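Q: Starting from the structure of chain Y, add chains S, H and X where the hints point.
Residue numbers (our numbering), protein chains in the order written: chain Y, 1 to 83; chain S, 1 to 83; chain H, 1 to 144; chain X, 1 to 144.
Derived by calculation from the structure, the hints in this document are not laboratory data.
The structure displayed is predicted, hence computed values, not measured ones.
Check each hint, because a few of them may be wrong.
Said to hold, decoys possible - Computed far set for chain X versus chain Y, every beta-carbon distance over 10 Å:
hint	residue
1	Phe10
2	Glu36
3	Arg39
4	Ala62
5	Glu65
6	Arg66
7	Gly84
8	Ala133
9	Asp139
To be verified - Sample of chain S residues lacking proximity to chain H, with all beta carbon distances greater than 12 Å (derived):
hint	residue
10	Arg21
11	Ala26
12	Asp40
13	Ser48
14	Ala66
15	Gly69
16	Ala75
Unchecked claim - Here chain Y is said to cover these stretches of chain X; the calculated rule only asks that three of the stretch's residues, wherever they fall, bring their Cβ under 8 Å from a Cβ of chain Y:
hint	region
17	48-56
18	106-118
Yeah, the Cβ is synthetic: ideal placement off N, Cα and C, and Gly gets one too.
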Amino acid sequence: MALDVLYFAWLRERIGQPRERIETDAATVRELVAQLAAMDEWHAAALSDLSAVRVALDQELADLDAPLGAAREVAFFPPMTGG
Amino acid sequence: MALDVLYFAWLRERIGQPRERIETDAATVRELVAQLAAMDEWHAAALSDLSAVRVALDQELADLDAPLGAAREVAFFPPMTGG
Amino acid sequence: MVARLQRDAFDIGEELRDFGAGAGAIVSFSGLVRAEGGRLVALEIEHYPGMTEKAMTAYGEAAAERFGLRDWRIIHRHGRLEAGETIMMVATAARHRRAAFDGAEYLMDWLKSRAPFWKREIGPAGPGAWVEARAEDEDALARW
Amino acid sequence: MVARLQRDAFDIGEELRDFGAGAGAIVSFSGLVRAEGGRLVALEIEHYPGMTEKAMTAYGEAAAERFGLRDWRIIHRHGRLEAGETIMMVATAARHRRAAFDGAEYLMDWLKSRAPFWKREIGPAGPGAWVEARAEDEDALARW
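Isolated chain Y, as found in the complex (with noise of 0.2 Å):
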């Protein structure tokens, strides 16, 4: 299936862009991670230390374990810092 993929802060920055579309098989949040640090280098290190990533599934919060289920926007982030 294709996800939009979306990344804020600094893994925008290491990534290299806010967003991408990508053709997963990926059952979970977590493979799809380990597809995308596949890529390539940048992808690997913004992704290296899942403690500092936090995940959305179609704007909702989730967990690296959650399933990917029908979702079609995947978002990364560092922890938020609002307020």
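A: For chains S, H and X alone, coordinates are given in the frame of chain Y:
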């Protein structure tokens, strides 16, 4: 010694005046209360339930058993309800 | 660092303008006269001239020291206040939000139970009962 | 019941005017860009268009239900904000002060750690580090 005695809120209303000057030999607030309560039925009624009465000596909150010391102004009032 | 007792209305926006410059976190509280479904037309607020101003300043200074406030402001009105009017406000400024919130709550807990103010309800038929102190206001002091 | 995301400055006095009519207690919090002794010139605030607005509304509604708020308001800015500027505010209105304070603190704890905003420091020499999440902000969520 001579003291200014002030009353606020419903104590002022029951006693019928906001302040009076009292000549007293009382050593503590409690002794002063006994003297005041003996003056007439209005003082007696206002000061009958001391659990509902708060005291200030020279504009500082004090206990019923506090010594009057050199205080020049004693105030009696109900529990505060500001804010 | 302002403690102000006054009869007139004040504008909370004006009071907060430039308040706490340099701080990261500002908290304000304001208390309003509730109509209580029409039972209440106004409140009459009595105070103890001299002692009330001193208490407001003392609690402000105590909060500033305890919570490291950069600035604080307490404004309390007296006299007759109609339903919907603002009775009082406190504002605190601190580096982080925890201190600003704690400082404001501390000030409110002290003002409610220890500052010499007394409220009387005024209903459609005229002056009514003096507002009684609430046990939970007294209890709120215990946590500090 | 307003959640608003915007680039432009807002006036807290205007936001609080007529806010919470009929309530007895109003609390506001505002967060400002600290200069950090000159180390910081500005903050750049990034957000996730779509998700950020949804999160702001969801936390506002959750606070209203949990604390019985009469009204609530969340305003958060994005883009470049100079030192001293106001980044965001929350306001809550309730019958009594406890609910208004709790509602505002709950909203702040959620917004700080769960709403999709990221801050980057801009110093005299240009863009610097992304602000790291603070452990105490995460811990603050545990009490709710």
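Q: Are any of the numbered hints broken by this structure? If so, which, sorted upward?
A: Numbers 8, 16 - these are the hints that the structure violates, sorted from lowest upward.
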